[in-house]
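Undergrad: Letter by letter, the chains look like this.
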Amino acid sequence: DAGVTQSPTHLIKTRGQQVTLRCSPISGHKSVSWYQQVLGQGPQFIFQYYEKEERGRGNFPDRFSARQFPNYSSELNVNALLLGDSALYLCASSLGLAGGQTQETQYFGPGTRLLVL
Amino acid sequence: DQQVKQNSPSLSVQEGRISILNCDYTNSMFDYFLWYKKYPAEGPTFLISISSIKDKNEDGRFTVFLNKSAKHLSLHIVPSQPGDSAVYFCAASAKPRNQKVTFGIGTKLQVIP
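Chains as they are written, first to last, in my numbering: chain A, 1 to 117; chain B, 1001 to 1113.
In isolation and in its complexed conformation, chain B is listed as follows (with noise of 0.2 Å):
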């Protein structure tokens, strides 16, 4: 049962413009979400979090927006450089807090120049 879902594997974005990648969660516990980047060989690399009392967080290049009724959430990347290209991972967690995070399957990102 994929509590986080990111149903599109792959986004391909040209440089300069602005990418988005969508997240869907189902349970409703989630009180925090986070998104990560992944490179090859690499582990994930945490990019930017927001917790369910914000409906927005901006971090430089990228945000995140939560529409809580919804259970939806998005990451804007703009402008979209080259060497974002990455897989990107949403995930959430719910109290207890026990670090326990819920991924999903990610989104692989290319950015063309």
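Okay, chain A solo, but in the shape it has when bound (with noise of 0.2 Å):
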């Protein structure tokens, strides 16, 4: 079975654009996790979706958005990028039973590396 995927791999934008990240779950999870990758830091929580709805946020400014699909994948967009916006974008999954109201095993993907210059 295929695991988490995340496209693109890598991508290099410039100050004050505009970029989406794409994940799709692992097949039969329902809950998608963004966590945000800085060098040298650990990930940190950036949304989660279940059923297509926002069910938890980190502590990230409103250029940070995402949405969940009817077939579970998701987007993450980041607008106006600054240069601190320069790390690694991983996605997780995971079943979603009980609404996503236990704390379930996450199973992350490869991640997209995104560099702002």
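The hints are simulated quantities; they were obtained by calculation from the structure and are not laboratory data.
Predicted model only: the values in this text are computed from it and were never measured.
Careful: at least some of the hints might be erroneous.
Pulled a few chain A residues facing chain B out of the computed Cβ check, cut under 10 Å [what the hints assert, rightly or not]:
id, residue
1, Val4
2, Gln6
3, Gly40
4, Gly42
5, Phe45
6, Gln48
7, Thr105
8, Gly109
9, Gly111
Glycine residues also receive a C-beta, built at the ideal position from the N, C-alpha and C atoms.
With the hints in hand, could you dock these two chains into one complex?
TA: Right, here's the structure in full:
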């Protein structure tokens, strides 16, 4: 079975531009979470989506937004890019049992490495 | 404010010996703890977890110990193997469960053959 897939693998943008990152969860998984990992740090939680609804949001500005589609895939959008947005963006999926209200094992994709110049 | 702290950025251990990775947390609301392993160019992989109602959980060569009063947990790997060389992240979550997991900055483990 395919794991979590993310596209693109690498991306270079300039300040002020907008970017869209994509994630396909493991088949049967209904919950998708996004994390940002800056070099030398651990992943930081950005969003969680379950059944197309936002269930959790981390401490990120409104420039960051996401959505989940009926097939449970997800997109992360970042507007007005800053140099500090350069990071590895990780998507994780989980089953979404009990409406995502229990701590489930999250399966991470390989990430999209974004460089903002 | 680092709510999950891994104070050792790196650790080197001889093959066959025990690896002990440590983690401290400050948020008393955390009640579920996880360890992830990450190889270069891959996403983190879940390794083992422990609920706050337990003080030990074992899975093969991996054991996690939780000391709630000290807000400290540790991951023991016995015996260590070269394939265990990776970055290990300690992570924690609290209710309400929204799959938000707070990660530490990681400890790079090198197992020397």
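Undergrad: So, for every hint listed, does it hold in this structure?
TA: For each hint, the structure was consulted:
no.	hint	verdict
1	Val4	holds (7 Å)
2	Gln6	holds (8 Å)
3	Gly40	holds (7 Å)
4	Gly42	holds (3 Å)
5	Phe45	holds (5 Å)
6	Gln48	holds (5 Å)
7	Thr105	holds (5 Å)
8	Gly109	holds (5 Å)
9	Gly111	holds (6 Å)
Checked against the numbered hints listed earlier, the structure breaks none of them; every hint is satisfied.
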